[in-house]
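Engineer: As given, the protein sequences belong to chains A and B, one line each in that order. All the letters of the first sequence, read from the start, carry residue numbers 0 to 152 under numbering that gives the first Met the number 0. All the letters of the second sequence, read from the start, carry residue numbers 0 to 358 under numbering that gives the first Met the number 0.
Just so you know, these hints were derived from the structure itself, not from any lab. Remember, predicted model here, so these are calculated numbers, not experimental data. Incorrect hints may appear among the rest.
[As the list claims (entries may be wrong)] For lysine-lysine, the following DSBU-like pairs were computed, each having C-alpha atoms within a straight-line distance of at most 35 angstroms:
1) B:257 with A:8
2) B:111 with A:54
3) B:320 with B:68
4) A:8 with B:244
5) B:218 with A:8
6) B:68 with B:111
7) A:8 with B:245
8) A:54 with B:280
9) B:218 with B:313
10) B:313 with B:280
11) B:245 with B:208
12) B:111 with B:320
13) B:208 with B:257
14) A:8 with A:54
15) B:280 with B:218
16) B:320 with B:257
17) B:208 with B:218
18) B:208 with A:8
19) B:244 with B:257
20) B:208 with B:244
21) A:54 with B:218
22) B:257 with B:218
23) B:313 with B:208
24) B:320 with B:208
[To be verified] To give a feel for the contact side, a few chain B residues facing chain A, derived at Cβ under 10 angstroms:
25) 58
26) 63
27) 99
28) 152
29) 153
30) 182
31) 229
32) 232
33) 354
[Said to hold, decoys possible] What follows is a set of in silico ranges between Cβ atoms, one per label pair, in the way DEER data are often shown:
34) A:26 with B:206: 46 to 54 angstroms
35) A:6 with B:238: 18 to 26 angstroms
36) B:269 with A:56: 18 to 26 angstroms
37) A:26 with B:348: 19 to 27 angstroms
Backbone N, C-alpha and C fix where the C-beta goes; we use that ideal spot for every residue, glycine too.
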Amino acid sequence: MQTFSFISKTAEETAAWASRLADLLQAGDVLALDGDLGAGKTTLVSGLARRLGVKGQVASPTFTLLRDHEAGERGTALYHFDAYRLSGVDEWYESGFDEYITADGITAIEWAQVIREALPPETISITLERLGANERRITVNWSDARPLHTTIS
Amino acid sequence: MRMTNCKNIAVDRAEPIYILGIETSCDETSAAIVADGRRIVSNVIASQIDLHQSYGGVVPELASRQHVKTILPVIEEAVSLSGLTLAAIDGIAVTAGPGLIGALLVGVSAAKALAFAIERPLIAVNHLAGHIAANYLCDSELEPPFLALVVSGAHAHIVYVQDYSDYSLIARTQDDAAGEVFDKLARAVGLGYPGGPIIEQKAQGGNCKAFPLPHPLIKDSLDFSFSGVKTAALNVLNQAEQLAKKNGQSRREILSDKDFAATVQETIVEILTAHLSQAQKITNARTITLAGGVSANLRLREAVTEMADQIGVKLIVPDIKLCTDNAAMIAAAGYFLWRDGIYSDLSLNATALWELSEI
Numbered sequence: 000m001q002t003f004s005f006i007s008k009t010a011e012e013t014a015a016w017a018s019r020l021a022d023l024l025q026a027g028d029v030l031a032l033d034g035d036l037g038a039g040k041t042t043l044v045s046g047l048a049r050r051l052g053v054k055g056q057v058a059s060p061t062f063t064l065l066r067d068h069e070a071g072e073r074g075t076a077l078y079h080f081d082a083y084r085l086s087g088v089d090e091w092y093e094s095g096f097d098e099y100i101t102a103d104g105i106t107a108i109e110w111a112q113v114i115r116e117a118l119p120p121e122t123i124s125i126t127l128e129r130l131g132a133n134e135r136r137i138t139v140n141w142s143d144a145r146p147l148h149t150t151i152s
Numbered sequence: 000m001r002m003t004n005c006k007n008i009a010v011d012r013a014e015p016i017y018i019l020g021i022e023t024s025c026d027e028t029s030a031a032i033v034a035d036g037r038r039i040v041s042n043v044i045a046s047q048i049d050l051h052q053s054y055g056g057v058v059p060e061l062a063s064r065q066h067v068k069t070i071l072p073v074i075e076e077a078v079s080l081s082g083l084t085l086a087a088i089d090g091i092a093v094t095a096g097p098g099l100i101g102a103l104l105v106g107v108s109a110a111k112a113l114a115f116a117i118e119r120p121l122i123a124v125n126h127l128a129g130h131i132a133a134n135y136l137c138d139s140e141l142e143p144p145f146l147a148l149v150v151s152g153a154h155a156h157i158v159y160v161q162d163y164s165d166y167s168l169i170a171r172t173q174d175d176a177a178g179e180v181f182d183k184l185a186r187a188v189g190l191g192y193p194g195g196p197i198i199e200q201k202a203q204g205g206n207c208k209a210f211p212l213p214h215p216l217i218k219d220s221l222d223f224s225f226s227g228v229k230t231a232a233l234n235v236l237n238q239a240e241q242l243a244k245k246n247g248q249s250r251r252e253i254l255s256d257k258d259f260a261a262t263v264q265e266t267i268v269e270i271l272t273a274h275l276s277q278a279q280k281i282t283n284a285r286t287i288t289l290a291g292g293v294s295a296n297l298r299l300r301e302a303v304t305e306m307a308d309q310i311g312v313k314l315i316v317p318d319i320k321l322c323t324d325n326a327a328m329i330a331a332a333g334y335f336l337w338r339d340g341i342y343s344d345l346s347l348n349a350t351a352l353w354e355l356s357e358i
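With the rest of the complex left out, here is chain A (with noise of 0.2 angstroms):
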């Protein structure tokens, strides 16, 4: 298990760290992302999207709970979910959710700490504190040995 941790300053920092995470992730990935409200969890998948390039517009899926974007010229598609307003797992696979995470495609989930159980041990975990207003502590905790300090630009 690495555990892996920086300082962002700004939501565009954090944007653009998850641009660089992007390129070391492969299909079949799943990132689980918890923070308190207005941590940046949306914003890190914006960054994520922009680099894998994929259709669609990120936005909190707070409201679906899932947005779905295919694949664009990267080949990867990504499955942007929000755990929410989920009770708990029973609805996590009561709604079939379980089977986007075996898809062929990038999985990041807002709030994963409600599902936990459900996600794979491989599971990449990001935990967003809040310092101070922008301030933020980024930490990952990833049993994968991908080189996670090529993300610090």
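With chain A held as given, fit chain B onto it using these hints.
Structural biologist: Frame of chain A; chain B shown alone:
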């Protein structure tokens, strides 16, 4: 979305065209009958707000189950209140998206079964087009083209309605919806759900300039970004809480719910109004309409009325009860599709992310 397109042969008959509308995209189960797309014959709405209140928001699976329980009684009541028989219905219009997939499927399945049973056309209606069509029910003279601000718990769109089934998206949110900010902030200050009406009520008599909030602008675009407003408001709340802790006070002594709600509301209203005014300049629309749950907000109505008066355009605002989700607006939108022969077949499926621009 598969659709068949067969132009209706002009029906020359004295009786109106009756469309039965069905809406189950979120937490209201509703069925309605509308005559000629303009007159409500019946409109039955069963709300699930009580059910979801304790969770601070709609719980998707609970919502679907509740829709299954209430959909048939609601349709029966809408037909019975209309005094019509099913044989008098000319078409079945149903919300096919966007919305919660499980919730949408309940309405779509019921509509398909009914259309098959009474042998009438099935019409797939986009939920946002439905919200916009609420205006046809409130102003019998309203005709496209016009500009619509669609704001709800799930949306923040500015749409130019070129024709009854031709929409151009002028602006949308790049992150949170307008109502979502109200919902999340109301929850953050412990005021409950749904956030919109609660924030509006709390805002009364509060200082609407209690603290500064950003008005985020996106380069070369009229798109909205409410996430930054939400984060800035949460920062102010956190600071007040920390200061209160240090001084041994309660947060409310430093920042009252009233002032917090008033400032958040005013900022959202200012942003919506400013973008709408810009959109009017670009499209040169002579009529502006409001739609969606957040358009029930009286402060928003007031600000948009002021803006419309200033630039000299006509403003149409739906009745408050037609702003939130209801099937009458779906039936109204469905009528104009029916008239143009835009039907769906029984393979119709619900689409959680059906963009208005894809119509």
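Engineer: Can you give the numbers of the hints that this structure goes against, from lowest to highest?
Structural biologist: Structure breaks no hint.
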